[in-house]
Amino acid sequence: MAAFFESKELVKKFGGLTAVNRFDLKIEEGEIVSLIGPNGAGKTTIFNLVTGFYSPDEGAIYFRGHDLVGMSPHQITGLGIARTFQTVRLFLNMTVLENVMVGQHTRGSSGVFGAIFRPPSYRAEEARIRERAEAQLGFFGTRLTGYRHDQPAFMLSYANRRRLEIARAMATEAKLLLLDEPTAGMNPRETQEMTELIGRLRDERGFTILFIEHDMRVVKGVSDRVVVIDYGRQIAEGTYAEVSQDEHVLEAYLGRKTKDAA
Amino acid sequence: MTLDHLKSSLKPGFYAGIVALFISVIGMIETFSNRDIIHGVFSISHTFLVIIALITGYFSATRAQRAGIRQHGIDRRAEVVNAIAGSLIAGFVMGLFLAVLVVVANLINLRPVFVNVTPKLIDLLTFGRPSLAGSIVPLSMFTIVSGLGGALSLFRSDIRRLIVTSLLWFAFAGLISEVIRLSLSRLGVNVARKFVTTRGLTPLGAAVMLALIFAIVYASQRLRDRQRRQPDQSSPARKRAVRFRSWGLIFVLLLVLPWVVGRVPSDVLVLVGIYVLMGFGLNIVVGKAGLLDLGYVAFFAVGAYSTAILTSADQLPNIQLSFWAALPFVIGITGLAGLLIGAPVLRMRGDYLAIVTLGFGEIARFLALSDWFSPVLGGAQGVVKIPNVVIAGIELADPEELYYLIMFFCLITLFISWRLEGSRVGRAWVAMREDEQVAESMGINTIYYKMLAFAMGAMIASLGGAVFAVKLNTVFPFSFSVNVSITVLSLIIIGGIGSIPGVLVGAFALVGLPELLREFDEYRLLLYGVAIIYMMIVRPEGLLPSVRRGRELHEDEMAQDAWGKPAEVIPVPANPELSG
Numbered sequence: 001m002a003a004f005f006e007s008k009e010l011v012k013k014f015g016g017l018t019a020v021n022r023f024d025l026k027i028e029e030g031e032i033v034s035l036i037g038p039n040g041a042g043k044t045t046i047f048n049l050v051t052g053f054y055s056p057d058e059g060a061i062y063f064r065g066h067d068l069v070g071m072s073p074h075q076i077t078g079l080g081i082a083r084t085f086q087t088v089r090l091f092l093n094m095t096v097l098e099n100v101m102v103g104q105h106t107r108g109s110s111g112v113f114g115a116i117f118r119p120p121s122y123r124a125e126e127a128r129i130r131e132r133a134e135a136q137l138g139f140f141g142t143r144l145t146g147y148r149h150d151q152p153a154f155m156l157s158y159a160n161r162r163r164l165e166i167a168r169a170m171a172t173e174a175k176l177l178l179l180d181e182p183t184a185g186m187n188p189r190e191t192q193e194m195t196e197l198i199g200r201l202r203d204e205r206g207f208t209i210l211f212i213e214h215d216m217r218v219v220k221g222v223s224d225r226v227v228v229i230d231y232g233r234q235i236a237e238g239t240y241a242e243v244s245q246d247e248h249v250l251e252a253y254l255g256r257k258t259k260d261a262a
Numbered sequence: 001m002t003l004d005h006l007k008s009s010l011k012p013g014f015y016a017g018i019v020a021l022f023i024s025v026i027g028m029i030e031t032f033s034n035r036d037i038i039h040g041v042f043s044i045s046h047t048f049l050v051i052i053a054l055i056t057g058y059f060s061a062t063r064a065q066r067a068g069i070r071q072h073g074i075d076r077r078a079e080v081v082n083a084i085a086g087s088l089i090a091g092f093v094m095g096l097f098l099a100v101l102v103v104v105a106n107l108i109n110l111r112p113v114f115v116n117v118t119p120k121l122i123d124l125l126t127f128g129r130p131s132l133a134g135s136i137v138p139l140s141m142f143t144i145v146s147g148l149g150g151a152l153s154l155f156r157s158d159i160r161r162l163i164v165t166s167l168l169w170f171a172f173a174g175l176i177s178e179v180i181r182l183s184l185s186r187l188g189v190n191v192a193r194k195f196v197t198t199r200g201l202t203p204l205g206a207a208v209m210l211a212l213i214f215a216i217v218y219a220s221q222r223l224r225d226r227q228r229r230q231p232d233q234s235s236p237a238r239k240r241a242v243r244f245r246s247w248g249l250i251f252v253l254l255l256v257l258p259w260v261v262g263r264v265p266s267d268v269l270v271l272v273g274i275y276v277l278m279g280f281g282l283n284i285v286v287g288k289a290g291l292l293d294l295g296y297v298a299f300f301a302v303g304a305y306s307t308a309i310l311t312s313a314d315q316l317p318n319i320q321l322s323f324w325a326a327l328p329f330v331i332g333i334t335g336l337a338g339l340l341i342g343a344p345v346l347r348m349r350g351d352y353l354a355i356v357t358l359g360f361g362e363i364a365r366f367l368a369l370s371d372w373f374s375p376v377l378g379g380a381q382g383v384v385k386i387p388n389v390v391i392a393g394i395e396l397a398d399p400e401e402l403y404y405l406i407m408f409f410c411l412i413t414l415f416i417s418w419r420l421e422g423s424r425v426g427r428a429w430v431a432m433r434e435d436e437q438v439a440e441s442m443g444i445n446t447i448y449y450k451m452l453a454f455a456m457g458a459m460i461a462s463l464g465g466a467v468f469a470v471k472l473n474t475v476f477p478f479s480f481s482v483n484v485s486i487t488v489l490s491l492i493i494i495g496g497i498g499s500i501p502g503v504l505v506g507a508f509a510l511v512g513l514p515e516l517l518r519e520f521d522e523y524r525l526l527l528y529g530v531a532i533i534y535m536m537i538v539r540p541e542g543l544l545p546s547v548r549r550g551r552e553l554h555e556d557e558m559a560q561d562a563w564g565k566p567a568e569v570i571p572v573p574a575n576p577e578l579s580g
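Taken in sequence, the protein lines are chains A and B. Counted from 1, the first sequence has number 139 at position 139 by my numbering; the numbering is strictly sequential. Counted from 1, the second sequence has number 60 at position 60 by my numbering; the numbering is strictly sequential.
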């Protein structure tokens with residue numbers, strides 16, 4: 001049986017710079033995998049390759065039996081991969097609820113004629129989209145519910161914007177969520193909450209999660225497996241405990257020990 | 001007490017002087033003097049100058065007040081003095097420019113360089129005393145008028161609003177006095193003559209008009225104030241009924257409008273209607289989907305030409321369909337043209353898209369002109385003998401009747417854009433406009449939705465083209481210049497992108513007024529330019545904005561939005577725990 005998600009020998013070059021260099025990754029359904037590495041190691045580039053924003057120069061990406069290489073981002077979303085962005089990118093002038101309703105786009109089919117004549121099928125679909133969108137927002141407790149539904153997204157606080165972005169990705173009804181630094185810019189309490197939330201996303205909603213993270217408490221707290229990359233190559237893989245002792249990882253983060261330095 | 005702070009009044013006076021001098025020298029003042037607001041008393045050109053002086057007075061008064069407070073602290077008496085003195089100074093500076101013009105024109109002949117500095121202009125500026133001494137007239141007059149503007153700043157704001165609004169409406173009524181005359185003369189020529197002449201309102205008419213406007217403005221302000229003090233507590237059902245009734249009233253007014261105003265204004269209304277229709281269409285493309293299309297005229301042309309060819313008795317394919325039988329084909333052909341043009345260009349963004357569409361707009365006209373297509377499209381001669389529209393045996397020949405056809409199309413288009421607003425398609429468009437990449441990653445096929453917007457805009461434009469063809473019964477390539485695209489875009493920018501009432505107001509101001517007042521035509525592009533620059537700086541959301549669009553354009557003014565800028569996101573440093 002084909003793997004849930006697998007990338008093989010992925011290569012992406014920008015001019016002379018090899019951002020991703022023969023990168024292999026396998027994810028089983030229901031896993032939480034974190035992707036770590038120093039700045040500029042190629043983490044976000046990998047996300048962009050998987051979601052179709054970039055096309056790889058070499059290699060292949062398989063997701064539930066489909067080859068993703070050459071597909072456009074919206075097709076990949078339709079297959080069941082959704083992402084968030086490192087710099088939160090919401091539709092700031094749409095309301096909170098509308099943002100999440102946009103996420104439901106691929107799960108609807110009504111077009112111009114439906115919108116104009118509003119047959120029962122259109123109204124049923126619109127009601128379903130709204131209901132599901134509200135359900136996603138309900139996942140975050142009372143933070144994004146009630147009067148917040150009709151507030152434009154730019155009125156939200158930073159942490160709530162991150163949550164809304166996740167809700168929007170959830171609304172695509174994806175199988176695999178790619179979260180790009182979900183706790184960046186959050187205070188310790190919010191970070192703790194987000195860590196729990198990532199766990200709940202799998203346990204309660206059944207998402208498989210691949211996330212990029214710099215905060216090691218989060219990585220330690222929630223990941224089943226940690227993948228460390230540097231210069232676009234995987235340098236270590238395993239549980240947090242294994243990885244944090246790995247010689248290559250220490251070297252990538254802290255630099256090489258030189259014997260005659262002292 | 002130093003008078004340093006009054007220096008702040010020099011600047012507004014200086015600017016106003018330059019503007020007044022400019023519009024005098026380019027001939028605007030003289031052109032507009034042929035039409036009066038009040039017959040024989042006050043011409044439109046005087047109105048222009050007076051409005052400039054009033055605004056100058058008002059601004060310089062408030063500037064002087066503020067400067068005075070900064071230097072000497074708050075003192076009510078001094079504020080009044082500052083306001084009056086400041087506005088008088090500004091008015092004097094402004095008047096000085098025109099006075100100098102009068103003096104110079106008296107001493108040397110300026111006409112070899114400034115063709116428009118005619119004796120008549122000098123006559124106008126000096127109220128009939130074109131001698132050297134006459135230069136005192138603009139000087140004193142603008143000083144006084146500007147002083148009045150300054151005095152205006154001292155009134156309570158609600159009274160000031162009442163005066164200003166009434167005067168503006170009065171000026172507007174004077175501008176469209178021709179329409180008033182034509183509609184009144186349906187009651188009887190003698191009645192009309194008492195109130196309005198071909199040049200403008202009579203003094204009696206002006207008095208009646210001013211009183212009427214004042215009463216209406218006063219009543220509506222009182223009503224609004226009362227509503228603000230005690231918000232409407234009635235049930236939603238009742239509110240809806242009230243709204244329904246007021247829309248019904250507007251609808252009935254629109255229905256009887258052509259029969260009130262008569263033939264010539266109805267003709268203008270039809271043209272305005274065509275532009276309203278295209279405004280709605282372009283609003284979908286630019287306002288909803290965010291695609292800047294400068295070649296919208298191409299679809300207008302395709303609509304007009306395909307209507308012409310399918311219905312004309314005189315054209316090569318000789319199909320001679322009726323208007324209604326041809327209409328589905330017209331819409332289909334233009335929609336197809338939209339897809340055809342859209343397919344290659346929609347991968348471009350922003351400025352590039354604008355340039356390429358601009359090119360396509362011109363190509364459409366050249367194709368219509370070309371010899372190659374002339375057997376079918378008629379070349380420069382165009383297509384003639386397009387039959388009138390027939391509905392249920394009634395031939396729509398007069399503009400009063402055609403008005404209903406265009407109104408019908410406008411209502412349909414309005415309904416469609418209203419229904420799309422909150423739908424799945426509408427959300428996809430807005431998402432795409434906000435952030436194309438993210439929209440794509442949310443599963444929206446952006447190419448498809450761009451094409452959809454483009455094709456829908458094209459189909460709506462084709463309706464405008466079809467009406468245009470049957471209105472004139474002929475179609476010429478010269479009707480489809482780039483000016484049409486620019487006018488449609490300008491009217492939605494000035495009215496407010498994405499706003500429906502904005503399109504109506506914009507179309508009336510940019511298409512209706514120049515048709516009613518032929519004098520405007522000469523300075524049309526100048527006025528468009530001024531209006532658009534002003535709008536872009538002061539009100540980028542337009543006169544009657546849609547809520548969302550207004551927010552988008554004032555984004556950086558909103559303190560809460562500081563988070564939105566990616567640069568300010570602080571990355572969390574890697575945790576040193578790893579080393580342990």
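Because the hints were derived from the structure by calculation, they are not lab data. Beta carbons are placed, not taken as given, at the ideal position from N, Cα and C, and that holds for glycine. Please note: incorrect hints may appear among the correct ones.
Said to hold, decoys possible - A few chain A residues that don't get close to chain B, going by computed Cβ distances all over 12 Å:
hint	residue
1	E29
2	Y62
3	F91
4	E165
To be verified - Here chain A is said to cover these stretches of chain B; the calculated rule only asks that three of the stretch's residues, wherever they fall, bring their Cβ under 8 Å from a Cβ of chain A:
hint	region
5	70 to 84
6	435 to 444
Quiz item: Is the Cβ of E165 of chain A more than 12 Å away from each Cβ in chain B?
Solution: Incorrect as stated: the minimum Cβ-Cβ distance to chain B is 9 Å, not above 12 Å.
Quiz prompt | Least C-beta distance from E29 of chain A to chain B larger than 12 Å | solution = Holds: least Cβ distance 21 Å, greater than 12 Å.
Practice problem: Three residues minimum, CB to CB under 8 Å: does the region 70 to 84 of chain B make the cut for coverage by chain A? Let me know. | Solution: As far as the region 70 to 84 of chain B goes, the hint is violated, because 0 residues have Cβ atoms under 8 Å from chain A.
Quiz item: Minimum Cβ separation between F91 of chain A and chain B greater than 12 Å?
Solution: With a cut-off of 12 Å, F91 of chain A comes too close to chain B, as the shortest Cβ separation is near 4 Å.
Quiz item: Quick check: the region 435 to 444 of chain B, covered by chain A? Criterion 3+ residues, Cβ under 8 Å.
Solution: Our answer is that it holds, as 9 residues pass the Cβ test (under 8 Å) against chain A, meeting three.
Quiz prompt | Nearest-CB test (12 Å) between chain B and Y62 of chain A | solution = Its Cβ never comes within 12 Å of chain B, the nearest being 20 Å, so this holds.
In summary, the numbered hints that this structure violates are 3, 4, 5.
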